[in-house]
Amino acid sequence: MVHKTIIDELTRSKITKMLGDGRRADGRGMEEQRPVRIETGAIPKASGSARVFLGNTEVVAGVKIQPDRPFPDVGDRGIFICTAEILPLAHPDIETGPPNPAVIELARVVDRGIRESGMIDLSQLVLEKNKSVMGVFADNSVIDVDGNLFDACSYASTAALLTARIPKWEMRGDAPARVEGEEYDAPVTTIPASVTMAKIGDSIVVDPNQDEWSVMDARVTITTNSDGNVCALQKGGSSGFTYDELVRCSELSVSVGSRVREQIRAKGAAVRGDG
Amino acid sequence: MGGRDTDVVLLDENGVRCDGRRIDQTRRVEIRAGVLRNAHGSAYIEFGDNKILAGVFGPRDVHPKHMSDTDTGILRCRYHMSPFSVTERKNPAPSRREIEISKVIKEALEPSLMLEKFPRTVVDVFMEVLQADGGSRCAALSAASVALADAGIPMRDMVCACAAGKVADTIVLDVNNEEDQAGQADMPVGYMPNMDRITLIQLDGVLTPDEYKRCVRTAVDGCRQVYEVQKKALADRFFGGGGKEGSGDGA
Amino acid sequence: MAGARHQNVMPGDVITTGPYRPEEHTVLDGKRILATAVGVSEIRDDSVRVVPLAGMYYPRVKDFVIGKVVSHTSLSWELEINSCYVGFLPASDVFGRDFSAHADDLTSHLAKGDMVAARVANFDRTRDPLLTVQDRDLGKIDIGELASLAPGKVPHLIGKNGSTIRAIEESCRATLAVGDNGWVVITADDPDGLLKAERAVRMIDEGAHEAGISERVRSMLETG
Numbered sequence: 000m001v002h003k004t005i006i007d008e009l010t011r012s013k014i015t016k017m018l019g020d021g022r023r024a025d026g027r028g029m030e031e032q033r034p035v036r037i038e039t040g041a042i043p044k045a046s047g048s049a050r051v052f053l054g055n056t057e058v059v060a061g062v063k064i065q066p067d068r069p070f071p072d073v074g075d076r077g078i079f080i081c082t083a084e085i086l087p088l089a090h091p092d093i094e095t096g097p098p099n100p101a102v103i104e105l106a107r108v109v110d111r112g113i114r115e116s117g118m119i120d121l122s123q124l125v126l127e128k129n130k131s132v133m134g135v136f137a138d139n140s141v142i143d144v145d146g147n148l149f150d151a152c153s154y155a156s157t158a159a160l161l162t163a164r165i166p167k168w169e170m171r172g173d174a175p176a177r178v179e180g181e182e183y184d185a186p187v188t189t190i191p192a193s194v195t196m197a198k199i200g201d202s203i204v205v206d207p208n209q210d211e212w213s214v215m216d217a218r219v220t221i222t223t224n225s226d227g228n229v230c231a232l233q234k235g236g237s238s239g240f241t242y243d244e245l246v247r248c249s250e251l252s253v254s255v256g257s258r259v260r261e262q263i264r265a266k267g268a269a270v271r272g273d274g
Numbered sequence: 000m001g002g003r004d005t006d007v008v009l010l011d012e013n014g015v016r017c018d019g020r021r022i023d024q025t026r027r028v029e030i031r032a033g034v035l036r037n038a039h040g041s042a043y044i045e046f047g048d049n050k051i052l053a054g055v056f057g058p059r060d061v062h063p064k065h066m067s068d069t070d071t072g073i074l075r076c077r078y079h080m081s082p083f084s085v086t087e088r089k090n091p092a093p094s095r096r097e098i099e100i101s102k103v104i105k106e107a108l109e110p111s112l113m114l115e116k117f118p119r120t121v122v123d124v125f126m127e128v129l130q131a132d133g134g135s136r137c138a139a140l141s142a143a144s145v146a147l148a149d150a151g152i153p154m155r156d157m158v159c160a161c162a163a164g165k166v167a168d169t170i171v172l173d174v175n176n177e178e179d180q181a182g183q184a185d186m187p188v189g190y191m192p193n194m195d196r197i198t199l200i201q202l203d204g205v206l207t208p209d210e211y212k213r214c215v216r217t218a219v220d221g222c223r224q225v226y227e228v229q230k231k232a233l234a235d236r237f238f239g240g241g242g243k244e245g246s247g248d249g250a
Numbered sequence: 000m001a002g003a004r005h006q007n008v009m010p011g012d013v014i015t016t017g018p019y020r021p022e023e024h025t026v027l028d029g030k031r032i033l034a035t036a037v038g039v040s041e042i043r044d045d046s047v048r049v050v051p052l053a054g055m056y057y058p059r060v061k062d063f064v065i066g067k068v069v070s071h072t073s074l075s076w077e078l079e080i081n082s083c084y085v086g087f088l089p090a091s092d093v094f095g096r097d098f099s100a101h102a103d104d105l106t107s108h109l110a111k112g113d114m115v116a117a118r119v120a121n122f123d124r125t126r127d128p129l130l131t132v133q134d135r136d137l138g139k140i141d142i143g144e145l146a147s148l149a150p151g152k153v154p155h156l157i158g159k160n161g162s163t164i165r166a167i168e169e170s171c172r173a174t175l176a177v178g179d180n181g182w183v184v185i186t187a188d189d190p191d192g193l194l195k196a197e198r199a200v201r202m203i204d205e206g207a208h209e210a211g212i213s214e215r216v217r218s219m220l221e222t223g
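Going line by line, the protein sequences match chains A, B and C.
Going by numbering that gives the first Met the number 0, the residue at position 135 of the first sequence is 134; the numbering climbs one at a time, nothing skipped.
Going by numbering that gives the first Met the number 0, the residue at position 38 of the second sequence is 37; the numbering climbs one at a time, nothing skipped.
Going by numbering that gives the first Met the number 0, the residue at position 32 of the third sequence is 31; the numbering climbs one at a time, nothing skipped.
Rather than coming from a laboratory, the hints here were simulated on the basis of the structure.
Mixed in with the good hints there might be a few duds.
Just the calculated beta-carbon pair ranges, DEER-fashion [to be verified]: (1) A:92 x B:115: 20 to 28 Å; (2) C:194 x A:183: 51 to 59 Å; (3) C:59 x B:15: 56 to 64 Å; (4) B:239 x C:154: 16 to 24 Å; (5) C:169 x A:227: 50 to 58 Å; (6) C:194 x B:23: 52 to 60 Å; (7) B:65 x A:92: 19 to 27 Å; (8) A:268 x C:28: 55 to 63 Å; (9) A:261 x B:67: 49 to 57 Å.
Just some of the chain B residues that point at chain A, by a computed CB distance under 10 Å [to be verified]: (10) 14; (11) 52; (12) 87.
The beta carbon of each residue, even a glycine, is placed where N, CA and C say it ideally should be.
Please build the complete structure, drawing on both the sequences and the hints.
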């Protein structure tokens, strides 16, 4: 049997009772995200890396960039792949072995938010059309779990990508060859920011922690780009949202997302040539 | 296995190695205990350019049940490398190398643990290599032992680990990545300092009988140095960095 | 090495080579008595033991524990008790002798996530700890806040003859149900008292090995 995290009834009733009065058990406002701390360059051997704390949730993301074969239908674009693993040391209920559906969803939602925003201009990562392109891998390792892994992984990957240095490769004859010592900033067009909100009873709260995650009825993750447009969305959990709630969530994702985006942008400005 | 041709001068005429160390010096080692919130015990080690996390859970119920032993607790270990930990991206699925290292680390830790006190349970040790450098199995083992002590698992001794090897026809302590690639032999050793038992030892490369003896002794000296760092990590965690003085607070 | 009465120790450290009896969290190796956990060693009369600063709860018969219901079969509940073993509460203990697995629904009394105050009725190496709620002040806990500290530090929370716990309860106008397994349920008249009581438990968890911890908790309680 797989042990699933069971929240104790004392905590559950405290959370729902306080939400009824418009308050959260950890003292935050309903629309208040936990403090976000971003450290870039945590893994010097990666092309780009970031360690992100979202409250007590902690993620390390590393970016590897290397020559690859393009996907057959898009030979004129580089490859971007984002993965996520919840390390078994991150929580007592995580099991080793192939990823379960929840972890696969996590990786795909983080991937989609960044991919659909068009953050990385993949057309600039072609060595030879239909033959050889640069592949960009952003791998997330969750090392401590306290709810809302979606946003923590998203911020970590985004910060790692923004601060990544792409090693320069060129075609020599038939094969790609490394141009020693040369590297350049990742071609970035926009900075996506993901914001996850939970519905608990009739309340919507931004950035649910693990206790709130355990009692929530439904959740929605909305990623916006630098222009304030929505570019990816994922609903989860065994309940539904009203139209009005979804409108409110989209507005929250823009306002909360813009603050995190500035934090990530500042990390990029410190290392990138384009400021 | 002979040394490969290389441009790097592994050992100069003054006995200084390619990274500036003397032959009896380890790389920089730092350990912190209690770094994870959810794990029952944890430690983080930086050993040269290795950056490794270890987390411990248990003793706890065994799943699947059929693995449990009615006479004793069991130990499970997982040594795993993050995809971004090495120069070329590593597939996240466990490799044969990682599975073998997990096994030798488990067998290195088992003699230190008193799991017979906890029949039908398991202790899980998870080691994650966030950045890999030469000697990652020794670094992972040293971190794991600190994490086990942090979790309060009963143990008769710590296990500390360090490698020695043969580089430019000389026995040196703590072989680094370049020396491993171009050197002549690498011998990782895990050691229980108070029990005086070697619980992990492997060797790649050719040594004369005399070199073999010196290599083991050199590695054990290195282990003792790592042991001091392990003790400091636990003292910082539990005694606020204080030494061995008693608290005198007889509650 | 037979030095101070109290000494900070780590696994493998030699506490003494003297003629003492090795007790909890120590092991005899030839003439040496070694610590098996990080903690504070105590040499008392003719015996040596270590008070550990980390580690899980190891059940003992008659202990008072706070548990969380994690699952049930048709005959019993399983309770997480912050231990290497799951506590086992038979249905008949709650429903009485005429319990019927067909007629009685266990979840009507205790459901997943419910917190329970219980006592360890039986335990040995061969079986999981058997719990009972057949006593005054035992059974389901309906209100309160859950706090925790390392099980080895519970005696520090209680204090000499219960002095520390009494000081906390009086000063915070709170009631603390302190499980020997390190789980504590706090109920207080007002939120400030609750916060203060939680702080006191945290202080003891973080500083139990330090000199004068009970005095420092007391002065925190007085000054707020």
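When the hints from earlier in the document are held up against this structure, which numbers fail? 10
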